[in-house]
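*Asks:* Starting from the known structure of chain A, fit chain B onto it as the hints suggest.
Number of protein chains: 2
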Amino acid sequence: MIKSSVLKQLSSIVENKNFYTSQEDKITYSYDGTPLLEHLPDAIIRPTNKEQISHIVKLANKEHFSIVPRGAGTGLSGGSIPVENCIVLDMSQWNKILEIDTENLTAWVEPGVITSQLHQEVEKIGLFYPPDPGSMNICTIGGNVAENSGGLRGLKYGVTKNYVMGLEVVLPNGEIIICGGKNVKDVAGYNLKDFFIGSEGTLGIFTRILLKLIPKPQTSKTMLAYFNTQSDAGKTVSAIIAQKIIPATVEFLDKTTIRCVEDFAKLGLPTDIESLLLLEVDGHPVVVEEEAAKVVECCKRNNAIEIKIAGTEEEAMRLKTARRSAFSALARTKPTTILEDITVPRSSVAVMLEKIQVISKKYDIQIGTFGHAGDGNLHPTCLTDERNYEEIGRAEKAYEEIFVEAIKLGGTITGEHGTGLAKKKFLHLVSGYTAIETMRTIKRALDPNNILNPGKVFDL
Amino acid sequence: MIKSSVLKQLSSIVENKNFYTSQEDKITYSYDGTPLLEHLPDAIIRPTNKEQISHIVKLANKEHFSIVPRGAGTGLSGGSIPVENCIVLDMSQWNKILEIDTENLTAWVEPGVITSQLHQEVEKIGLFYPPDPGSMNICTIGGNVAENSGGLRGLKYGVTKNYVMGLEVVLPNGEIIICGGKNVKDVAGYNLKDFFIGSEGTLGIFTRILLKLIPKPQTSKTMLAYFNTQSDAGKTVSAIIAQKIIPATVEFLDKTTIRCVEDFAKLGLPTDIESLLLLEVDGHPVVVEEEAAKVVECCKRNNAIEIKIAGTEEEAMRLKTARRSAFSALARTKPTTILEDITVPRSSVAVMLEKIQVISKKYDIQIGTFGHAGDGNLHPTCLTDERNYEEIGRAEKAYEEIFVEAIKLGGTITGEHGTGLAKKKFLHLVSGYTAIETMRTIKRALDPNNILNPGKVFDL
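First to last, the sequence lines map onto chains A and B. For the first sequence, the residue numbers in our numbering are 1 to 460. For the second sequence, the residue numbers in our numbering are 1001 to 1460.
Worth flagging that the hints you see were computed from the coordinates, not collected in a lab. These numbers were taken from a predicted model, which means no experiment stands behind them. Ideal Cβ positions, reconstructed from N, Cα and C, are used throughout, including at glycine. Treat the hints with care, since some could be wrong.
Computed cross-link-like contacts, DSS-like style, restricted to lysine-lysine with a CA-CA straight-line distance of at most 25 Å [as the list claims (entries may be wrong)]: (1) K1124/B to K294/A; (2) K1017/B to K1003/B; (3) K244/A to K1017/B; (4) K334/A to K244/A; (5) K1216/B to K235/A; (6) K1124/B to K244/A; (7) K212/A to K1156/B; (8) K212/A to K1235/B; (9) K1216/B to K216/A; (10) K1017/B to K216/A; (11) K212/A to K1362/B; (12) K1156/B to K161/A; (13) K1003/B to K161/A; (14) K1294/B to K216/A; (15) K1003/B to K156/A; (16) K1216/B to K156/A; (17) K244/A to K1216/B; (18) K1050/B to K408/A; (19) K161/A to K1212/B.
Pairwise CB distance ranges (calculated) [to be verified]: (20) E121/A to I1125/B: 39 to 45 Å; (21) D459/A to P1285/B: 53 to 59 Å; (22) P215/A to K1425/B: 37 to 43 Å; (23) K294/A to Q1120/B: 25 to 31 Å; (24) Q1093/B to E390/A: 57 to 63 Å; (25) K1244/B to T321/A: 24 to 30 Å; (26) L1460/B to E274/A: 56 to 62 Å; (27) N1049/B to E123/A: 50 to 56 Å; (28) P1335/B to E51/A: 49 to 55 Å; (29) S1012/B to L36/A: 54 to 60 Å; (30) S30/A to K1244/B: 45 to 51 Å; (31) K62/A to P1335/B: 56 to 62 Å.
Chain A extracted, bound-state conformation (with noise of 0.2 Å):
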């Protein structure tokens, strides 16, 4: 527990209505998007200005006490969850497009800034920011960087540490950094940039993002096609990038999801299909003309049962619908949905879903599996009770034999969420020991008294 001493410092640090220490307000901080995770704050404190940051990062080196940088909080990994003897900073006020400079093709922002309206405010001027993750309408920009996030226009775009050109940093010694700027090129000293994005606010609090932006697509074509099994939808990805065509969006269904999504979004899918994929590309309209129907021929070489093409704007956001709904789709049946995150490289995505399904099987407990087929990207999302200690113990196993499946073909335990709380004790598989302790090693001596977001991503 923070001392009352230094809480009364803390609040006197900013304006009265910018300090929280009801009850109420701790358990609305207590969680964010993770399942089975939760801890109360101390307290809840939402600066105004950097110089105010600087001051509570100050005073927490002084007084030893934690601090939790927050956006939205719709983190899958414990990023934003309170830790002991900790204050959550809530940075979602921080919420102004500050600048779009259309010559350099950039935009500083906020780090509250919520994506979609980033998305909408670029797109009115014909530019682009491609990182669309999939809580795109709720989330920040800000934590969208700490977790370096990815999205569904991930494989021929990128994640957001493609789009990120500086930050304003916040240092664990209260110190503020600018690094990077609106430079396409920059190798000016090490790139501190670049390792405070996805640092799960363990290194820095962001205060100001330069971001790059992009012409936008000027057209694209939206298709859903159809299979009777996993692998056939497996087979068409491979089949679609060997005739060297990057699409904007290969997603992927299964059974489960598609039966959990018809039943939640009406769209009219066939619910007796094994799988389907999500598949847009975008470009110059006679390009995309083209790779479309290379895709559909892909998808029919490849027993597609049925392919839906997008006519219209409309239809195109009907089709996306099923992709973009399959995790609140899923979430409704059950109490407890616990999604993971899975990375492999793409050739091996027919073969970890098979995986999936016999672990599946072999823990009995009940997954659907979608994601973003096209970068290797998988959600395997168990549908459980967290009441239910014994089928929790049995997806936690189930889980463990995923990540080391996965690990096995060259993949990771996370493409897009981060490891935050969730994943930390898998780190060691994918990285190593030496690495972590490489880590380690790097946080220590820029947070010695590990006041910025302690415990996650690795304990120290």
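*Replies:* Showing chain B alone in chain A's frame:
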């Protein structure tokens, strides 16, 4: 000086033929591509496996000598110049392409692979490795990764770091880790990989590198446009980007460079023009035709005197030679060529070009400027003689002023050559002292004995 007993231990780690201490050998390894800098190493060692490197690194920690890793030694910021009490670790023999994975579009290579050799190998099978530094015919991938090299295709395709998916690294303590892999997305733990990229041999020695490949563009169109003023060339670049066209290449040559190139390569370039742009668009044939037409229109609208469009691959090569030979052409005119590497936000290229002209007049030095105009990355190149101390003094003052002006425009002191020895005293101008202290803190933590390439990037 390294003690002879230590040299003996070193020589016992590798075969005799891979350890050199003769004066001739020391002289050969005493310099790299950077003018005005040289230093004799105490020995040169050519390890043949990673265990030997680990052994050497551990001995360096025990006996307190330094290790300067080196590829082809083409660097332009002094990154591979020997320091006091050091051995050079020559990695140029590690020149095997270990695997090209056509399913996952990746290549595992040894660090000593020559960049253009990799280009040729992957293009044979319809794939593409975009980074193409000026020295691509002699430089190594390891050096490219250590410096995060750019090239002519950076505008559309990005730089080396955008293509490094994994690294095997011998750490400063001699331990070996692998970071990254074939996963398109991976956020497990801190992003060590991107932190090693561009760390200029100060944080680790690369022993294997996993690169991302992309499908080879179907076709391309190369153009050369001549202008009566620098400002017209600058405006053309902005006009092209404003049309939402991202060419693969937008290269600029000023009058001095054009004259030297023509004198050297006899390409039939007019020597009375003020500047030229080399432009290349690539991709789908229809898009290429359309974009090329728009590019030509932008050139005309901004007063291009003449526009040459390559009709064949050979003609394209000839046009590209105008740019590719710029450095060599300038270098042969005077005994010493000091090549700088500032970058400014794209929108400020025209202003920066003007400032360089004003500064070169003020200090009465001859500067030829060429560079990646689309990236804002310019190479103002001073033609001088290192024996003329007085002129070198003026050149140094001129460059300092150029750096300051670049930074005022939001630019940086190095876009693709690195900080090394040559630019470390200016690093604070772009990064600020607090960020440098953050870099130092990490370096000290990972390399407490400062054995890996000490004195490069910054002093400890």
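*Asks:* Which of the stated hints cannot be reconciled with the structure, identified by number in ascending sequence?
*Replies:* Result: hints 3, 4, 10, 11, 13 and 15 break, sorted rising.
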